[in-house]
Structures are given as structure tokens and as C-alpha cells.
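J.: Read off the chains here:
There are 2 protein chains.
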Amino acid sequence: MMRAIIVTPGVEDSVRLDEVGEPDPAEGSVLVETLMIGVCGTDREIIAGEHGQPPPGTDDLVLGHESLGSVLEAPRDSGLTAGDLVVGIVRRPDPEPCVNCAVGEWDMCRNGRYTEHGIKGLDGYARERFRLDPGYAVRVDPALGDLAVLLEPASIVAKAWEHIERIGKRAHWEPRRVLVTGAGPIGLLAALMGRQRGLEVAALDRVVDGPKPRLVTDLDATYHVGDIEAACADADVVIEATGAAELVFEVMRSSARNGIVCLTGVTSPGRRIEVAAGLIAHQIVLENDVVFGSVNANRRHYEQAAHVLAAADPDWLGRLITRRVPLERWRDAYESTPTGIKTVIALAASAESRSWQPPR
Amino acid sequence: MMRAIIVTPGVEDSVRLDEVGEPDPAEGSVLVETLMIGVCGTDREIIAGEHGQPPPGTDDLVLGHESLGSVLEAPRDSGLTAGDLVVGIVRRPDPEPCVNCAVGEWDMCRNGRYTEHGIKGLDGYARERFRLDPGYAVRVDPALGDLAVLLEPASIVAKAWEHIERIGKRAHWEPRRVLVTGAGPIGLLAALMGRQRGLEVAALDRVVDGPKPRLVTDLDATYHVGDIEAACADADVVIEATGAAELVFEVMRSSARNGIVCLTGVTSPGRRIEVAAGLIAHQIVLENDVVFGSVNANRRHYEQAAHVLAAADPDWLGRLITRRVPLERWRDAYESTPTGIKTVIALAASAESRSWQPPR
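First to last, the protein sequences are chains A and B.
Using our numbering, the first residue of the first sequence is number 1385, and each one after it goes up by one.
Using our numbering, the first residue of the second sequence is number 1385, and each one after it goes up by one.
Since the hints were made in silico from the structure, they are not lab data.
All residues carry an ideal CB built from backbone N, CA and C; glycine is no exception.
Incorrect hints may appear among the rest.
So the derived label-pair ranges between C-beta atoms look like this [unchecked claim]:
1) R1656/A <-> G1433/B: 31 to 37 Å
2) A1617/B <-> Q1437/A: 19 to 25 Å
3) R1560/A <-> V1591/B: 41 to 47 Å
4) Q1437/B <-> D1478/A: 40 to 46 Å
5) R1560/A <-> R1550/B: 19 to 25 Å
6) E1613/A <-> L1670/B: 27 to 33 Å
7) E1613/A <-> E1406/B: 45 to 51 Å
8) L1670/B <-> M1386/A: 30 to 36 Å
Okay, the calculated bits of chain B under chain A, using three or more residues with CB under 8 Å as the criterion [as the list claims (entries may be wrong)]:
9) 1479-1488
10) 1548-1561
11) 1632-1644
12) 1657-1663
13) 1677-1691
Take the sequences, apply the hints, and build the full model.
T.: Shown next, in the form of C-alpha cells:
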């Protein structure tokens, strides 16, 4: 038996720490000791009963899709050995895959029959040990250390940037300015990747306190609190990471000609808002604007993300992890604060005591 | 002196047939006799005083951006000779071009300093003769005959399809179904190009009378009057050609996962409509949807369009031209009817008397 953070999807505040059985060998040939998991808004939605789906035949779901673990056992031909640092991929294609899943692009699944660890039909990583098929375990450079817990959110942003660039190449493409809305983990990693591409970056958020402003300016990007016009008119690329629908429309209005707006933030459906009809069927057309959504990531994006993290300043990355909670105090980890960025839960005793910094 | 259809932009119903001077040799080295011009919604907006801009130093603009002419004079090194059928390109880059205009992608102009024949800062083709630089005259196969007046609208659709496919290739891309909303010239040409790609095509319009239904079914596509769900749920590609903002949102909602919605229709700005917030910051994200606008075309798209028209059934193309008006009755041409498709004005006596069909 081992400890796990469990929720009954659809039942508000059913989340609890409980004992569960060891991972079933049918889950995969690679056995991993969980070092830490990251917490994000999707976890909070599942806890609120608004999202999530248990595996078939049960009412409960082990939470956690952002992981970092250490290999305990792996088959000789898996490319992994005991002690390797690994991150588990979140989404898995259906055994009868669609045309996109069949070529490994499960982030673009066409029929919705995918599963997701800790979210949809598959137990997550918030348990002391888990098992994976080698194809869904991404080995990370040990030099990254604990910072590799950022790999999953970075994979989401790597996919967003990959699609932005592929869409940009529909025509001649020389972007200059990037606007990121929301300086949470996704927004900050998006700003990092914009700077890694040599672009001018502006970030817009609501808070003036806490580490966000300094994290942005330390990238030689500009931090703004206020309206979009003041932050960055004429952005060639906008990465929207708040999910605030009103902001989405403001962003569409203020982007440059041929601008590409990438939506990554999810808001709850239902509420209705008013928009100018001409924004859609006038400005978007006459300016060749693009608005697109990006969700999830496939293995290629996790590998891109590993390069992104390796090329970043480890001190800067470490400052994204603003809260580290031991498993015993797991409940604290799911409280959200506007100035905080990424909260992680340390599951292994070794992870609790290790320093933030990776070995140099 | 020669006859021209002239408007004073910004002044409602100022449109008139009048005498103007012969085209200035500074307009280009190729002198063209205008055979016919096509009429579209943009012309009607200009006539209504809602759009359009005269050339510098005058209040008046010669109308007409969809053209077909016959070369009268051309320099020896222009690649054109007297008697060639040519279509004039609509947009021209600024003498100090932006990075996109500099490589010939003036349809993606970044600074808005382009001009457009018959629309923005440049006289149009609704005059008995015009001049062009050879780079802005597209020679068309004489076998197309009068049908080449469809080249300009077809270039708009060729660009839309090029961008759809380039955007589609952000990931593995195997589209199956296409929905076209609005069975006017743009929608019908979009349906044609969808069928030329071997895709299933559905078209949605409001009329049951007139030639539209048969034109669609003659493409082995399906014609629908009613709601989008009934016409085509799960379209991988939607080409929206009505400009009705409410329809734009319905289309965004009903498209398939990874769906690409291309907006080509322009509505007047100002009016406000209500939409579900979750459509934007929920469904678009979770389904990797793309919505983009497409306007205008560069020379490459005119050449793509020439291939499209050459590969189509000339009888079918001829049926798109539902009204042919001699210059003397020009005013009739600007009246819009819901069952009509493309109206053309025959400027040259030869064009008035020629048959619809191209020589076989």
C-alpha cells in the first residue's frame, strides 16, 4: 500500500489523502518513485467537481498530471535505468487510435477517446509510485534536478509556440513583438520562449506584488498592469493564458495585422458576454488575423520543452516554484494565490529535503 | 476621352457613368481594353458611402476591381502581346514596401499602406481602357474566354485554401469534410476547390430558388437550407462567406476537433452581439480550433486560381454568371438579389455580343 491524493470526480471537495494499492504491472513496465507533482488550475477544477473522469469501474481518480519521478525498475530494452529522472506524459491515445493518435499526435486527437493521467479515465501521479510504458516516460537531464517538474507545463507552451510558428509560415513571417496575458506558469514560460527566439516580449497581469514583475523584467521583457493597449499594441503574437473571455476579445482587437492569437487558458462555459460583431467578421478578415486554441502536448513537445528548460537560467526557473508543500500538508497546495506561481507537492522524503537549485 | 463608372467615396449614391481621360502612361506600360468587370459586395459598400478612398488629389474613384481585358499595347519584354486576355491584380504595395510586400505578399501587407484598384487610392477597372505594369497583369488561357472574369474572386478563394492547408499542416492533417456558408461566388468557388481536393462538401444558404442548389449538387456536394448542425456537424474546414457574425460563432461551435474556420465575409462593424464566453476560452482551446481571416490575394494566388478555373467544368463556371449587363444599363448591375450569383458589366461591344461559353 502507498499514499495517494484521491478525488471522486463530480463530487465537490471530495479530495483526500488515502492509501491505495501498489501500481498494477498492467499500467506499464517502468516503475517510478514519485518525487514531486505540480499543481495547476485543472487540479482545482477537478477538486471543485467541475471536471475529471475516473478510470472505468471506479468512482475515484488519483490526482496529479505534472510529475517528476525517479526510475525504480525498468526493462533492459526500455532505454531507462534505475535512478533516471523521468516525467510522465499526460495524455494516452485510445487502443484504437484516430489518424492523429496513430502517428503520435495525441494532443490533436480527433475523436476525444484519449485518456489523461490524473484528469480523464487514468489515475494520476499524486501517489508514491506509478508505472508507465517506456513510450510515455520522458527522461530528463539530471542537471535539471527538481526543476524538471516544470517539464509538463513547459511542454504545453512548447506546443503552443510550435503551432504559432507553423501557422505563421502560412505566409512570409518576421514577427517582432509578443504579448503574454497572465504571468502564471504558462505565461512566464511563454515569455521565456519568446525571449529565447529573440523577440520583444511584454507580459500583462493584474498583480504588482510578489515575484512576477521581477521574473518578467529579468527576461529583459516588460511587465504591465493595466490595459492591453498600454502593454503592447501591435503584437504579432499574443499568448493568452488567463482564460478570461473578455480579455480574449480585447487581445483579438489589439493584435497587429496578420497577428496570431494563441489561446491556452480555459474558462468555465455558460456565461454570456457581449462583443462587437465587426470585430469578428470585419477586423479578423481584413487583417488576416488568426485565433487558435492549443491544448496538451505530444512527446515531441516534451522533448522541445526539455531543451527550453536546459537553455534557461536555472535560478530563474527555480523562482517559478513559489511554494513547496510536503505530502502531509497536501491540502495547502491546492489553495490559489494571485502572486504565487507554481506550487509543488514533494512526495518522496528525498524531494522534501533537496535544495531548489539543480546541481551545477 | 472614354466612359467610366465613377463614385465619390464617402458620398452615398454618388455613383455615375461619366467621361474620363485616357489612362495616364504613368499607370503602366501595358494598355488594356476592358472587356468586362465583375460586381461584388465591396462595390455596393463603396456606392453606399461606407468604404473606398479616392486617389490622392481627387474626390472621385473609378470603380471596379474584378476585371477582364484584352491587351492593346505592351512592351516587347513584358511577356504580353496585343490580343492577350489579362486580369488586373487588385492590390499594389506601397513604393516603400513592408517586409511582406517586399517579397510579393502584398495580401499580407503589415502596415496598411497598400493601394487597391477601384477600392483604395487607385482608380479601378470600370472604364473602357486601363493601364498596368506587367507585374500586375495576369495573362489567362484564351480557352477560358469570358469565364476569366471569375479569376479575381477565385484568387481570393485560392488564397483562403492555401492558408487553410498551410495552417492544417501545423499537425498531422487528413481533412474529410468541408462546410461552406453562403453559396455566393466565394462560397461556390470554395466548394469547387474543396471538391477538387477530393473532400466531402456541404454548402449552407438561405435560398431554395434560383441556380444555387443545382450548382452545389452538380459538384456532388450537398446543399442545405437550415441550421449548421443539419448541414454539416464536424466539419474539418469551414469557409464562412456570409459575414454574418452570429453565423461565425455558430460555425466555430459546430466545427470538428482541430477544425479550421476561415472567415472571408465582411460585415459592417459597430453592432454588438452576445456570445457564450466558454465558446471562446473553452471550446476553441480544448479542441485545438483555429479561426482565421483571409483577405485579398497575391500574384501566386491568381496563378493558382487560373489552374482551378482551367480544371473546372466550363459549363458550371458559366452558370455562376447569372447576369450580364451592358455598360449603358450599368446601374442595374449594382442591385443585389438573393438568388443571383455573379453579375458582370460588359464594357466592350465585343464582350456584349460574345457567348457565355468559352471556345472549345
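J.: Hint by hint, which ones does the structure fall short of?
T.: Result: hint 4 breaks, nothing else.
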